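**Q** As a plain string of letters, each chain reads:
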Amino acid sequence: EPEVTQTPSHQVTQMGQEVILRCVPISNHLYFYWYRQILGQKVEFLVSFYNNEISEKSEIFDDQFSVERPDGSNFTLKIRSTKLEDSAMYFCASRMGAPGTGELFFGEGSRLTVL
Amino acid sequence: SQKIEQNSEALNIQEGKTATLTCNYTNYSPAYLQWYRQDPGRGPVFLLLIRENEKEKRKERLKVTFDTTLKQSLFHITASQPADSATYLCALPDMGRRALTFGSGTRLQVQP
Chain A
1 EPEVTQTPSH QVTQMGQEVI LRCVPISNHL YFYWYRQILG QKVEFLVSFY
51 NNEISEKSEI FDDQFSVERP DGSNFTLKIR STKLEDSAMY FCASRMGAPG
101 TGELFFGEGS RLTVL
Chain B
1 SQKIEQNSEA LNIQEGKTAT LTCNYTNYSP AYLQWYRQDP GRGPVFLLLI
51 RENEKEKRKE RLKVTFDTTL KQSLFHITAS QPADSATYLC ALPDMGRRAL
101 TFGSGTRLQV QP
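Chains as they are written, first to last, in our numbering: chain A, 1 to 115; chain B, 1 to 112.
For the record, the hints were derived by calculation from the structure and aren't laboratory data. Treat the numbers as computed from the prediction; the structure is a model and nothing was measured. There may be inaccurate statements among the hints.
[What the hints assert, rightly or not] Partial list, computed: chain A residues near chain B (C-beta under 10 Å): (1) V4; (2) T7; (3) P8; (4) Y35; (5) E44; (6) S48; (7) N51; (8) E53; (9) S55; (10) C92; (11) M96; (12) G102; (13) F105; (14) G109; (15) R111.
From the three backbone atoms N, C-alpha and C, an ideal C-beta is built for every residue, glycine too.
Given the sequences, and given the hints that come with them, work out the whole structure.
**A** Right, here's the structure in full:
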């Protein structure tokens, strides 16, 4: 069964360093998302991406964050200068059709630990 | 913005019983609502989608209801099994946004 894959599964970094989290969405999907989940808290929306541009972003997704789809398969989240409070599980998700037409497929997440 | 309320207390039930989880939302009524399952350290997995014009949706042992008057969705698991133990998340689009907003989830523990 097709799945969303994410790398790395766990990354430890020093505060102030840049981090890139990678995702390979399901191949025929058109809508891509990043969510994050701080330990013990709820899954929070960061950004959605469609047709090679950001379609929506939350208040969390500030100038420190950026997303890119550098080729036909990868979807990346970059955090420019990590802060302690960026420590969380980051989930990539994809969807085939427009929002409201079906399910979001999530990856297994990338755990980011900022020291 | 939309506030989604799920019971933060864990729900403990005996195997074979029906589990009922509640999702309440404030403010505007969404066009649809979804339920997901999340196991510890893993990504959410889609279970069911119900639209505002549907009162009830079923899939195997799962049933979801959607009451737009009460602004509430109920999620039922019948004949529950220990393997159903997980956190169940309610998700819906926030006002003016198409991306899903998730509730904090309710942890279900099914005792053998």
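**Q** Hint by hint, work out which the structure violates, then give me just those numbers in ascending order.
**A** 2, 3, 7, 8, 11
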